[in-house]
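Undergrad: Sequence:
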Amino acid sequence: MKPSSPTAEDFPTATLVLAGPWSRGRRLESRPGVVVGPFGVAEEAVCVLVWYFTLGAPEPGTTVQAMLPDELTPLDDTLTTMHEDVFRDLVRSLRRGRIAHGDGEALYAAVCQAWLRRIGLADAASGDRRTSPHD
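In the working numbering, the protein residues as written are 364 to 498.
These are calculated hints, taken from the structure and not from any lab test.
Computed from a prediction, not measured in an experiment: that's the story for all the values here.
Beta carbons are placed, not taken as given, at the ideal position from N, Cα and C, and that holds for glycine.
Hints may be right or wrong, so weigh each one.
[Said to hold, decoys possible] DEER-style ranges, computed between Cβ atoms:
hint, residue 1, residue 2, range
1, Glu468, Thr441, 17 to 23 Å
2, Thr444, Ser393, 33 to 39 Å
3, Leu484, Ser386, 36 to 42 Å
4, Thr444, Ala472, 16 to 22 Å
5, Asp486, Arg390, 39 to 45 Å
6, Asp486, Ser367, 31 to 37 Å
7, Ser393, His446, 15 to 21 Å
8, Arg461, Arg389, 20 to 26 Å
9, Arg455, Pro423, 18 to 24 Å
10, Ser393, Asp448, 19 to 25 Å
11, Val404, Gly483, 18 to 24 Å
12, Arg390, Leu484, 38 to 44 Å
13, Pro369, Leu391, 16 to 22 Å
Start from the sequences and build out the full structure, keeping to the hints where you can.
TA: Quick look at the structure:
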């Protein structure tokens with residue numbers, strides 16, 4: 364039995380992936396990216412938007428591109444577990460760039476939640492905010 368191909372639903376917002384972005388009609392070497400969300404109507408989306416954060420601040424068409432799910436390889440890392448310096452750079456770049464049409468709202472929320480988890484103000488399992496990291 365042939366395994367089914369991945370779909371946009373297999374790559375929720377904030378999933379870290381490895382893929383080759385496009386530049387001037389040529390595919391670049393694979394590099395890490397983070398899923399911004401589905402491209403198009405969520406239930407009918409065929410592609411996902413990926414921000415290649417190692418290429419710079421989010422800019423539609425340059426560092427944020429629509430990708431087919433079979434072009435993506437999910438990584439085991441998360442925004443909460445990725446290297447601290449890489450996460451810090453990602454946050455700084457996210458604030459400097461823009462993601463078209465408000466598509467980045469869920470990613471912004473996920474990055475904020477990951478930051479809260481990293482500093483101990485949110486429970487990693489439930490995502491609930493706590494008043495003290497010692498609760």
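Undergrad: Mind listing which of the numbered hints don't hold for this structure, in increasing order?
TA: Those not satisfied are hints 2, 11.
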